[in-house]
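Protein chains: 2
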Amino acid sequence: MEDNKDQAQLVRLQDEEESESMTELFPSLDEVEQIIGYDFKDKSLLRRAFTHSSYRDESYERLEYLGDSVLNLLIASRDYFGNPDLPPGRLTRLRAANVDTEKLARVAVKHDLYKYLRHKKPLLDGQIREFMDAIPEYPFHSNGLIDAPKDLADMVESTIGAIFIDSNSSLDTTWKVIKSLLEPRITLAMLQAHPVTKFYELCQKHRFKVQFVDLWKESGAIEVFVDNKFVGKGMYNPKKLIALNRAANNAYNVIVKNLSIEDNNKDDHD
Amino acid sequence: MEDNKDQAQLVRLQDEEESESMTELFPSLDEVEQIIGYDFKDKSLLRRAFTHSSYRDESYERLEYLGDSVLNLLIASRDYFGNPDLPPGRLTRLRAANVDTEKLARVAVKHDLYKYLRHKKPLLDGQIREFMDAIPEYPFHSNGLIDAPKDLADMVESTIGAIFIDSNSSLDTTWKVIKSLLEPRITLAMLQAHPVTKFYELCQKHRFKVQFVDLWKESGAIEVFVDNKFVGKGMYNPKKLIALNRAANNAYNVIVKNLSIEDNNKDDHD
Numbered sequence: 001m002e003d004n005k006d007q008a009q010l011v012r013l014q015d016e017e018e019s020e021s022m023t024e025l026f027p028s029l030d031e032v033e034q035i036i037g038y039d040f041k042d043k044s045l046l047r048r049a050f051t052h053s054s055y056r057d058e059s060y061e062r063l064e065y066l067g068d069s070v071l072n073l074l075i076a077s078r079d080y081f082g083n084p085d086l087p088p089g090r091l092t093r094l095r096a097a098n099v100d101t102e103k104l105a106r107v108a109v110k111h112d113l114y115k116y117l118r119h120k121k122p123l124l125d126g127q128i129r130e131f132m133d134a135i136p137e138y139p140f141h142s143n144g145l146i147d148a149p150k151d152l153a154d155m156v157e158s159t160i161g162a163i164f165i166d167s168n169s170s171l172d173t174t175w176k177v178i179k180s181l182l183e184p185r186i187t188l189a190m191l192q193a194h195p196v197t198k199f200y201e202l203c204q205k206h207r208f209k210v211q212f213v214d215l216w217k218e219s220g221a222i223e224v225f226v227d228n229k230f231v232g233k234g235m236y237n238p239k240k241l242i243a244l245n246r247a248a249n250n251a252y253n254v255i256v257k258n259l260s261i262e263d264n265n266k267d268d269h270d
Numbered sequence: 271m272e273d274n275k276d277q278a279q280l281v282r283l284q285d286e287e288e289s290e291s292m293t294e295l296f297p298s299l300d301e302v303e304q305i306i307g308y309d310f311k312d313k314s315l316l317r318r319a320f321t322h323s324s325y326r327d328e329s330y331e332r333l334e335y336l337g338d339s340v341l342n343l344l345i346a347s348r349d350y351f352g353n354p355d356l357p358p359g360r361l362t363r364l365r366a367a368n369v370d371t372e373k374l375a376r377v378a379v380k381h382d383l384y385k386y387l388r389h390k391k392p393l394l395d396g397q398i399r400e401f402m403d404a405i406p407e408y409p410f411h412s413n414g415l416i417d418a419p420k421d422l423a424d425m426v427e428s429t430i431g432a433i434f435i436d437s438n439s440s441l442d443t444t445w446k447v448i449k450s451l452l453e454p455r456i457t458l459a460m461l462q463a464h465p466v467t468k469f470y471e472l473c474q475k476h477r478f479k480v481q482f483v484d485l486w487k488e489s490g491a492i493e494v495f496v497d498n499k500f501v502g503k504g505m506y507n508p509k510k511l512i513a514l515n516r517a518a519n520n521a522y523n524v525i526v527k528n529l530s531i532e533d534n535n536k537d538d539h540d
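Sequence order for the protein chains is A and B.
Here the first sequence stands for residues 1 to 270, numbered as in the working numbering.
Here the second sequence stands for residues 271 to 540, numbered as in the working numbering.
You may find that some hints are simply not true.
[What the hints assert, rightly or not] Covered stretches of chain B, as calculated for chain A (at least 3 residues, CB under 8 Å):
no. : region
1   : 340-349
2   : 357-369
[Said to hold, decoys possible] When the alpha-carbon atoms are kept at most 20 Å apart in a straight line, the in silico EDC-like pairs for lysine to aspartate or glutamate are as follows:
no. : chain 1 : residue 1 : chain 2 : residue 2
3   : B       : K446      : A       : E137
4   : A       : K176      : B       : D442
5   : A       : K198      : A       : E137
I should point out that these hints are in silico values taken from the structure, not numbers from a laboratory.
Small disclaimer: the values here were computed from a predicted structure and weren't measured.
We put the CB at the ideal spot given by N, CA and C, even for glycine.
Use the sequences and the hints to build the structure in full.
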């Protein structure tokens with residue numbers, strides 16, 4: 001017990017040393033303020049918003065909790081007033097697409113905010129790099145085909161929470177600050193069906209027999225067979241769900257291409 | 271096609287007639303305003319907040335969608351500032367208990383708001399009556415043991431949405447209006463484990479063998495056996511989950527009572 005206490009004290013001392021040196025290594029709070037276009041009265045809020053729990057005790061988790069609610073209301077409000085006839089089910093879908101992990105992680109990347117996140121997660125920088133490399137292929141949203149680091153989305157929510165608190169709980173101020181950061185807004189027209197749903201619907205329409213073969217443990221791949229023929233596969237080692245989405249998406253594209261070739265051939269024979 | 275159009279027109283005419291007669295039958299908007307202590311600038315918002323989709327086209331569903339987000343932020347905000355050291359996981363639990371269906375349905379009942387809900391759901395009034403009869407046994411929250419009509423909770427959320435809109439999206443005004451309506455607030459100390467969790471934990475501690483016997487389809491009951499002995503059961507016909515929660519709760523109480531009798535007997539022999 002005493003040992004633990006000593007150790008805790010030791011850790012705390014190290015933390016304090018680090019925190020001092022980190023203040024020097026992290027002189028860039030004002031750069032963050034420039035990016036988001038908001039001057040914090042209480043700079044410690046901003047600092048906390050950019051501090052991951054791996055880094056030190058006072059992390060952004062509580063701010064993220066609050067910011068999540070603030071963001072949800074702001075988007076619900078925008079969609080409610082902007083779409084007077086939209087039923088609640090579609091309002092829900094619209095908001096979900098505009099506040100999900102990938103959408104918010106893109107915000108962190110687009111505005112270089114990720115550079116200012118203080119953390120001690122050895123793998124995170126690599127994950128962010130990989131995410132950034134994957135973005136260009138999907139200009140707005142990949143719909144589950146790429147792996148967005150949740151820490152980046154959390155950081156955006158914590159920033160929103162920090163602005164909300166610093167502005168005396170002003171929805172107006174918070175919205176003015178974050179509105180442009182959240183662009184491009186995902187509209188109803190941009191909402192796409194999930195890759196797996198899309199693939200199943202296509203196959204159902206053409207009465208194709210579908211089979212997914214799970215080789216994920218062995219090779220990180222999931223293969224797709226349609227009417228017993230191999231049509232595509234998806235790979236992603238860290239997360240099976242993304243491999244599955246990619247497999248469905250790949251198979252969908254192959255089938256659509258084959259169908260259009262068949263159609264063309266038919267036209268040629270006409 | 272023409273037929274449908276005619277029919278639609280007919281329905282609309284009926285609706286209009288009804289809506290006129292209902293304005294007479296529903297002169298009580300000002301009573302609602304007195305109960306909640308807020309004067310609506312736009313009375314149509316209040317009327318819509320108290321109109322179920324079974325009643326007519328312009329129902330409360332969109333207001334409920336917005337109100338849900340407003341309520342979530344208001345409670346998140348209260349808990350965030352009121353509990354400076356509470357980690358996000360516990361903040362989440364605290365909020366969930368204060369905004370769930372049963373909690374909000376209780377608000378509708380406590381303040382007689384349910385009386386003003388316009389609907390054409392034949393069974394709803396009976397469900398509300400049953401809910402009201404069950405409340406006295408659980409002063410704050412039943413934790414899944416009684417069936418709270420979701421329409422009542424939705425109506426409370428739609429009222430919150432209506433106040434938010436009518437007050438020009440003022441969180442302050444909305445909070446001032448609803449704060450006392452939402453009393454009693456469920457605190458951390460009042461948060462209880464779910465009946466099924468509680469029961470399993472107790473049995474695990476004493477190394478009891480647990481068995482649930484599902485007779486729900488046959489008789490609406492779920493029976494509980496501990497070490498092959500019948501210890502309790504739960505019944506609820508409309509919803510199996512509530513029957514299960516009641517079974518676990520009943521069995522828990524029986525076991526706790528038996529254990530204390532055993533303890534007393536032991537004491538007697540000492």
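Cross-check of the supplied hints:
| no. | hint | in the structure |
| --- | --- | --- |
| 1 | 340-349 | holds (count 5) |
| 2 | 357-369 | holds (count 4) |
| 3 | B:K446 to A:E137 | violated (48 Å) |
| 4 | A:K176 to B:D442 | holds (19 Å) |
| 5 | A:K198 to A:E137 | holds (19 Å) |
Of the numbered hints stated above, the single one contradicted by the structure is hint 3.
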